[in-house]
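**Q** Spelled out, the chains give:
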Amino acid sequence: MNNEQPLLDVRNLWIKAQDQFILNGLDLRIGLGEVHAIMGPNGSGKSTLVQSLAGHPGYTIEKGEISFDGEDLLTLTPEERARRGLFLAFQYPVEIAGLGNGYFLKAAVNAVREARGQTPYDAVEFLKVFRELAPLVGLGQDFLERGVNAGFSGGEKKRNEILQMLLLEPRLTLLDETDSGLDVDALKLVARGVNATRSKDRSIVLVTHYQRLLDYIDPDVVHILIKGRIVRSGTRELAREIEREGYEPLLTAMA
Amino acid sequence: MSSPVESFRPRALSGSSPTRIRSWDDARTHAEKALEVHAPPDRHDERWRYTRAQDFLPPLARSNETTASAERKLGTELTTPAPSEEILLLEDGKIGDPEARRRDGLRHGVTLRTMREAWTEDPALMKRIVLSSPIRDRYFVWWNTAHLDDGYVIVVPRERPHDRPLQILWQSPNAVVVRRLLLVLEPGARLDLVEGEAAYPNQLRHLVRDIHLDREATLHHALLDAPGVHENWLWTTGVVVDEGAAYHALGVHAGARKARHEICVDLSGSWAQATLDAAVLLPSKHVFDLQTEIVHRADATESRQRVHSATAARATAVYGGTIVVESATKGVVAHQQSRGLLLDPASDINSRPELHIRSDDVLCTHGASIGAIDPEGLFYLQSRGLNASQARALLLRAFALRVLETFPAAASEVLRTALAKRLEVLVRLLVPEVAL
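Protein chains in written order, with our numbering: chain H, 1 to 255; chain P, 1 to 436.
Derived by calculation from the structure, the hints in this document are not laboratory data. Hints should not be assumed to be uniformly reliable.
[Said to hold, decoys possible] Selected chain H positions facing chain P (Cβ under 7 Å, derived; list incomplete):
| # | residue |
| --- | --- |
| 1 | E65 |
| 2 | L88 |
| 3 | I96 |
In this text, a Cβ means the ideal position worked out from N, Cα and C, and glycines have one as well.
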């Protein structure tokens with residue numbers, strides 16, 4: 001990690017849901033342009049972490065600080081976080097039948113563009129941008145007419161998330177188990193979309209169970225999250241070690 | 001125990017059987033006698049728990065008054081007609097535009113007559129409609145007949161081109177308005193009808209429709225009411241669907257101080273179909289009571305009902321959906337679904353399915369759900385940069401538009417546009433009222 005101020009700085013984060021602590025004093029720093037992978041067994045708090053960062057109202061922040069680009073993230077609403085450049089790709093994208101994808105995507109992109117002082121797209125401009133980006137994740141124009149995630153296959157939902165990421169141009173992307181439920185072809189498409197957004201100005205956090213995704217998206221740092229805390233950090237070799245040995249040795253060491 | 005169908009159709013009046021009706025005067029006399037014998041429905045009837053008959057019974061002295069303020073509200077803009085299309089303006093007791101009969105939408109053999117004219121010129125047709133109407137023995141249909149100045153009879157032949165919707169706008173500034181429409185589609189005819197009412201403050205409006213679809217005829221029917229918190233209105237619609245014919249209706253409703261629509265559909269011929277869909281979007285304090293009844297009288301008849309209701313503070317939406325499958329019918333399919341979205345905790349949605357299945361060879365489903373805006377959907381949209389108000393608006397819009405999405409694709413673009421436009425208007429009206 002470079003020595004400049006990190007894009008995301010999480011310090012001593014304690015989070016509760018339904019009267020139980022899920023995160024127990026978690027620390028995490030993500031530098032600009034870095035790609036971090038967070039791995040961990042079921043129930044370790046991975047999704048809680050990224051959903052809380054996006055502002056999900058179902059979690060209570062009991063203690064700790066989160067700074068995003070020097071600003072206190074905890075004082076911001078979910079939409080303010082999105083407008084400042086934080087994007088969460090959902091593990092289970094919500095289905096909204098009746099709301100056309102095209103209508104939704106244009107409304108979202110323009111909400112973010114307006115907040116950033118950019119001119120909103122008109123219909124023609126939006127379609128032009130869509131046509132440039134959608135092929136990256138293997139989606140065609142017919143997709144604009146369909147309801148948001150309604151009746152989508154698992155792969156289509158995940159590709160829709162990545163398309164939204166490409167359209168919204170976030171500075172920090174949080175991918176919550178985006179690889180789950182994907183076959184290898186869909187995984188490659190998703191990875192292609194993610195890699196297309198990699199730059200020195202953008203950071204990515206990959207939450208995953210498996211090393212497989214890291215074959216296609218090369219992380220700078222790998223963290224292991226167990227029982228609400230990051231217990232080890234390392235290089236991609238750490239992910240391979242987990243793949244070989246599982247989490248059991250770490251859990252045993254913690255016991 | 002009497003069936004709901006029978007309970008809607010009391011015994012024939014002694015000495016005043018509808019079979020003896022041969023003229024306009026006979027029809028009125030029959031209705032007046034019926035009103036003397038029968039009391040208005042009361043709350044012992046489950047269908048009248050949320051709106052009362054008294055809500056729709058005015059002092060007759062008011063009937064010729066105009067409303068204090070004739071400022072027209074929503075409802076006059078059905079859609080923007082293309083140059084070759086037109087809106088047929090019907091005012092009470094007369095056809096609003098004297099040129100209407102010669103207009104394009106009514107050419108190609110379509111006839112438009114007043115009921116008095118039709119009783120004189122084609123009594124056989126009128127008698128057929130009266131005798132087969134599934135709503136002929138309802139209190140407010142008698143009331144309508146007894147108080148009506150005149151109504152309209154439209155007959156659509158097969159030759160009329162399909163691609164030209166007919167648009168009807170009802171309007172009158174009178175304090176009490178009594179309307180009647182008889183619509184007949186001859187064998188093989190097809191019509192897309194967009195029908196709306198203009199609303200005036202403090203009005204009481206009655207509209208009775210009798211629709212007869214002969215063999216293989218198809219009617220797509222957009223029903224648009226106009227939101228008005230200070231009005232009461234009652235629609236009663238009876239539809240007879242003959243063999244192979246199809247009736248597809250979609251109502252977009254904003255309700256009123258008290259608003260009620262009763263629709264009774266008789267699927268009387270084999271392979272007859274009916275779709276009764278509605279998007280009910282009620283602003284604060286509005287009431288809308290939708291009572292449907294679909295009677296499957298023949299083999300292989302199919303029906304589907306889908307009602308989506310959303311209510312702002314102190315609004316009340318009611319849906320009573322009755323399905324009757326008569327004995328000895330085979331291969332009947334009937335689906336009913338009701339979804340309610342409470343936009344404010346201080347609002348009411350009541351849903352009451354009633355299924356009377358008297359045959360074994362039936363596929364019948366029903367489902368009802370009522371809830372608030374999905375917090376996960378809200379968070380999803382907010383996480384994409386939309387503020388809470390924008391997100392709620394999109395979710396409400398999606399909820400309403402789903403009804404339009406599943407409406408038969410064969411409906412014309414003009415009809416779909418009219419429905420979509422009205423839905424958008426009502427969503428915009430409701431969004432500021434959605435509780436945070």
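**Q** Provide an ascending list of the numbers of those earlier hints which the structure does not satisfy.
**A** 1
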